[in-house]
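A.B. asks: One-letter residues, chain by chain:
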Amino acid sequence: MQPFFTLTRRELGAYFVSLTGYVIITVSLFLIGLSFYTIVSKLQAESTPLPITELFYITPFFWLVLLLSAPIITMRVFSLEHSTGTFETLMTTPISDWQVVMAKFTASLVFYMVMWLPLLGCLAAIRYVTRDPSSMDPNIVGTTFLGIFLLGCLYMSMGCFASSVTKSQMIAAMLSLAIGLSLFILTFLGEQLPMEKGWAVATLNHMSMLEHMQDFSRGVIDSRAVIYYLSATGFFLFLTYRVVESRRWK
Amino acid sequence: MGDDETSRPSFSAGMRWGKRFNVGFGTCLVFAILVMVNYLSSRYFLRKEIGLSTQNALSPQTEKLLKALTNDVEITILFDTKAEEDIYGLTSKLLKEYSYRTPKILLKTIDFNRNPSAAQLLLAKHKLSGLQKNVIVFHCNDTTKVVYGNNLSEYDIQPLLNQTSKEIRRQGFKGESLFTSAILAVAYPQKLKAYFTVGHGEHDPMLTTSDRRAYSKFAAILTEENNIQFSRLYLPDTNAVPEDCNVLIVAGPSTAAFAEQELTKISSYLKSGGRALFLFNTETKLESGIEAKILAKWGVGIRFNLVVDSENPSSFAVQRLDAQHPITKNILSEQMSIELYPSRAVGMLSGAPKGPTSPKVEVLAQTSDKAVGFDAETKAYSRGTYPLMVAVEQGSIKGVTTGARIIVTGDSFFLSNMMIDNEANHFFASMVINWLADRPQLLFEIGPKPIHEFKVSLSVSKMRQLQFLFLAGMPGAVLLFGILVWLKRRS
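These protein sequences, in sequence, are chains A and B.
All the letters of the first sequence, read from the start, carry residue numbers 20 to 269 under our numbering.
All the letters of the second sequence, read from the start, carry residue numbers 2 to 492 under our numbering.
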């Protein structure tokens, strides 16, 4: 496990010692702040029975942060190594392909979660101004973060896969954005289908990220959503592993 | 030999194809496992709500009904989702919980603004007015029921009346009660009917005022919550109690006695297994005839007295309820308290026949032992325990009732518009009707769910502070830290 942790630490370091990582967090934080400012303005005008976490996920900024941050965080993980030629050096070290893939994925995921941490500060600020303890139910905050984590797992694994197939960071980012956006759009496609029983409707409902996030943001944990995200993450990590492994037989 | 070795390709075409096949097959296999795992997880899943509020929990009544569904019920939420975001959110969440409980619920949302053509199509299909923007349509086997969005909320107007606030706040969400009732109506379209007798000074189910004689709220509980239609019945005009009568309600006769022929009709109805609710009150100055000529034969006695169980002469809370009877045990378990107007004592006759085929009389409610009764005949006061309500059941074998069921109460005003807003009285009315109609699956009450609303009222300066914190303070601090790290690394 030591090589895995070493590589993860190295990857995380790449985010935190350069300005890039901080710029990503700053932009995300600005969007999160903007959504919270919108929520407070709304609460100033009218009362609402929805939990704050649910109001937050409804705003477009939440999805903007998710959809844009994932390609930006992950675009460099393999592409940069390929383009600078350090990938072959890395592969000659006594570390397995799985460890490389998992270390890069873990580092991206940890950075992604760090990026979301200031959300707690925003919620605490809302709790302070509403003076209502129930506006920050710790269980609901926990499930909201679980939802953010699971979405992050899926999007980071997609990003790692996109980065592994190309040397160009730009193409990697675009590919990751395209896959992520397609999955997101499928959510809306489900709403347009007629009310019938069938595998298409069932599949689209099963993959609906809006529905999943709605559940998490109101304190509901559904095993279907958890399994969906974990299995899809596993699938993309498997694809990434195959791409990384392919250097041996190309 | 050495030449042969160097000329042999390290990765032959066959090996390359083999590897490609291996990768392709492996990927397909993993994808198949992914699909299989998700398919199984969609069939066998677990949903757990861990928030402190139980907004999304369904009542046992709804759970039972949903599990028993055999036909598909289509539910279409037609809402202006932007203008009515809050109530749409609550509605959508709740109905999604319904659909998670059973695949028999097919749920669809149409946004009035985003999809106006589909909205118009739905309105035309169910012959609804185009002005109705927020409706929930329940449809099953050619039966349709519509729940209107403006009926879903319960508002607290007290602060407005007290002039402590200019805002009317939403305090309860009645969605579950209305949706479960709608599903019941479309999935089990058999219409039950209740008849209110008239002509003897009874309470009027059509009267919508808030006084003691009006019974419109009780009638609304019948129709809206329990899917039972009602009519008024003038017995002299009929040959018998109508055949479609599922529950006969005699609500506080006070000005005239029942004629012999009317009593015979009621008696025959009960003998043939009819269900009846008899409500009396202390304002009755004469015997209605039902007491002696009908109820006495069923083992029920009604005293001509006035019972109160508190120092407050206008109303009192029932102190003792039968913990076994399905009507009252749920009220006890919910720790609710029925409020009565001064009542007549209603109990079991001491000389009533007891045998396997005899009617079974059970006292549902009693006063405490400190209640005071004033006997109108002897003009005497006496202190003690008085029975207030009884249930009569005949022909019950192992829980299956084939014969009559009767409920008799000594007060009728507690179900009037004036007092039925009391939670326990409302609950009791619903329980009684469902017990009489023999619908054990509905012997639970679904009350409105309390809504906790958030609101902030900040001064302009506080809003500016918050704006600075969210848009500049927090992001700026991170950026500054990043620049410091970057500068340190450079130096």
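Be aware that a few hints might be false.
What the hints assert, rightly or not - The calculated lysine-lysine pairs, modelled on DSS-like cross-linking and capped at a C-alpha distance of 27 angstroms, are:
(1) B/Lys94 to B/Lys83
(2) B/Lys94 to A/Lys61
(3) B/Lys266 to B/Lys194
(4) A/Lys61 to B/Lys463
(5) B/Lys94 to B/Lys134
(6) B/Lys68 to B/Lys20
(7) A/Lys61 to B/Lys175
(8) B/Lys20 to A/Lys186
(9) B/Lys294 to A/Lys61
(10) A/Lys61 to B/Lys456
(11) B/Lys109 to B/Lys126
(12) B/Lys68 to B/Lys49
(13) B/Lys361 to B/Lys294
(14) B/Lys194 to B/Lys361
(15) B/Lys192 to B/Lys65
(16) A/Lys61 to B/Lys134
(17) B/Lys20 to A/Lys61
(18) B/Lys361 to B/Lys380
The set of hints was computed from the structure by calculation and includes no laboratory data.
As the structure is a computational prediction, the values presented were derived from the model and not from experiment.
A.B. asks: Within 27 angstroms, alpha carbon to alpha carbon, are B/Lys94 and B/Lys134?
C.D. replies: holds, 19 angstroms
A.B. asks: When you check the alpha-carbon spacing of B/Lys266 and B/Lys194, does it fall within 27 angstroms?
C.D. replies: holds, 18 angstroms
A.B. asks: Can you confirm whether the C-alpha distance between B/Lys294 and A/Lys61 stays at or below 27 angstroms?
C.D. replies: violated, 66 angstroms
A.B. asks: Going straight from one Cα to the other, do B/Lys94 and B/Lys83 come out at no more than 27 angstroms?
C.D. replies: holds, 16 angstroms
A.B. asks: Would the pair A/Lys61 and B/Lys175 pass a check requiring their Cα atoms to be no farther apart than 27 angstroms?
C.D. replies: Distance of about 25 angstroms is within 27 angstroms: holds.
A.B. asks: With a cut-off of 27 angstroms on the C-alpha distance, tell me whether B/Lys68 and B/Lys20 pass.
C.D. replies: violated, 51 angstroms
A.B. asks: Holds or violated: B/Lys20 with A/Lys186, Cα cutoff 27 angstroms?
C.D. replies: This hinted pair holds, its Cα atoms lying about 23 angstroms apart.
A.B. asks: Can you confirm whether the C-alpha distance between B/Lys20 and A/Lys61 stays at or below 27 angstroms?
C.D. replies: Violated, at about 58 angstroms.
A.B. asks: Given the hinted pair A/Lys61 and B/Lys463, is their Cα-Cα distance within 27 angstroms?
C.D. replies: This hinted pair holds, its Cα atoms lying about 15 angstroms apart.
A.B. asks: Do the alpha carbons of B/Lys361 and B/Lys380 lie within 27 angstroms of each other, as the hint requires?
C.D. replies: violated, 32 angstroms
A.B. asks: Is B/Lys94 within 27 angstroms of A/Lys61, Cα to Cα?
C.D. replies: Answer holds: B/Lys94 to A/Lys61 is near 21 angstroms, not above 27 angstroms.
A.B. asks: Check the hint pairing B/Lys361 with B/Lys294 against an upper bound of 27 angstroms on the C-alpha distance.
C.D. replies: Distance of about 18 angstroms is within 27 angstroms: holds.
Of the numbered hints stated above, those contradicted by the structure are hints 6, 9, 17, 18, listed in ascending order.
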